Amino acid sequence: MSGDVLSQAEVENLLNAMAKSAPAADKAGDSPSAGGTSGGGPRKPPRRSREKVMPYDFKRPERVGKEQMRALQTLHEGFSRNFAAGLSAMLRCMVEVKLTSVDQLTYDEFVFSLDNPTCFNLLRAEPLEGHLILDLNPSILYPIIDRLLGGGRESSPPVRRPLTDIERLLVGRITDLFLQELKHAWENVLELNPEVVRVESNPQLVQIVPPNEVVV
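Counting the sequence shown from 1 gives a position; the numbering used here is that position plus 64.
If you're looking for bench data, these hints aren't it; they were derived computationally from the structure.
One should not assume that every hint holds.
[Unchecked claim] Taking lysine-lysine pairs in the BS3-like style, the calculated list, with each CA pair at most 30 Å apart, reads:
1. K130 <-> K162
2. K162 <-> K247
3. K247 <-> K130
[Unchecked claim] Ranges of calculated distance between the beta carbons of each label pair, as one might list FRET restraints:
4. V223 <-> L254: 33 to 41 Å
5. Q132 <-> K247: 29 to 37 Å
6. P274 <-> L136: 34 to 42 Å
7. E190 <-> M158: 17 to 25 Å
8. L233 <-> T138: 33 to 41 Å
9. P191 <-> M158: 31 to 39 Å
10. S265 <-> D172: 17 to 25 Å
11. V261 <-> S203: 22 to 30 Å
A quick note: this is a predicted structure, and the numbers were derived from the prediction, not measured.
Glycine included, each C-beta is placed from N, C-alpha and C at the ideal position.
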């Protein structure tokens with residue numbers, strides 16, 4: 065060694081020597097000395113575990129673990145590819161659907177992140193409890209409707225209005241395809257029977273859970 069500075073190899077050797085001597089020192093401290101009584105000397109305090117402490121936000125608890133979130137992501141990546149293939153066949157053009165993320169947030173945050181008006185589909189998928197939500201953003205939905213009505217590749221200006229009755233019938237073809245592919249994606253996990261319960265243009269009118277409830 066030079067001066068008071070230890071090299072990396074010397075530091076590692078020192079730590080290894082301390083680790084090897086620690087169990088022997090603990091054993092010696094716990095046993096009574098040769099010339100004393102069993103309760104004569106002070107006992108060593110128990111060694112503290114080096115468990116890593118992670119912060120936890122009690123205001124936003126995670127209802128689904130990381131393993132389950134990864135499983136959901138993998139399952140719905142396959143669903144996205146199959147839905148894109150079915151939609152491409154329906155519209156007779158190439159459509160790409162990608163899963164961007166799987167997140168947990170409060171229902172209030174989710175609802176206020178949506179456009180208004182929009183095409184807000186409330187779904188039920190027995191035997192699962194609760195509801196699912198399929199939101200079709202107008203910026204994507206109206207070009208699809210134009211395509212179904214025979215429109216060309218020219219994109220129409222953005223429209224902000226509720227759907228007409230005829231448009232709702234056309235959207236039904238899209239939601240039927242969505243439900244079909246969703247059922248197919250889940251068939252190795254659970255036999256789902258998804259169906260549309262309600263369609264709204266204003267998502268804030270649908271309160272299926274309390275605003276602070278965490279949803280996926």
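In rising order, the numbers of the hints this structure does not comply with: Hints 5, 6, 7 are the ones this structure does not satisfy, whereas the remaining hints hold.
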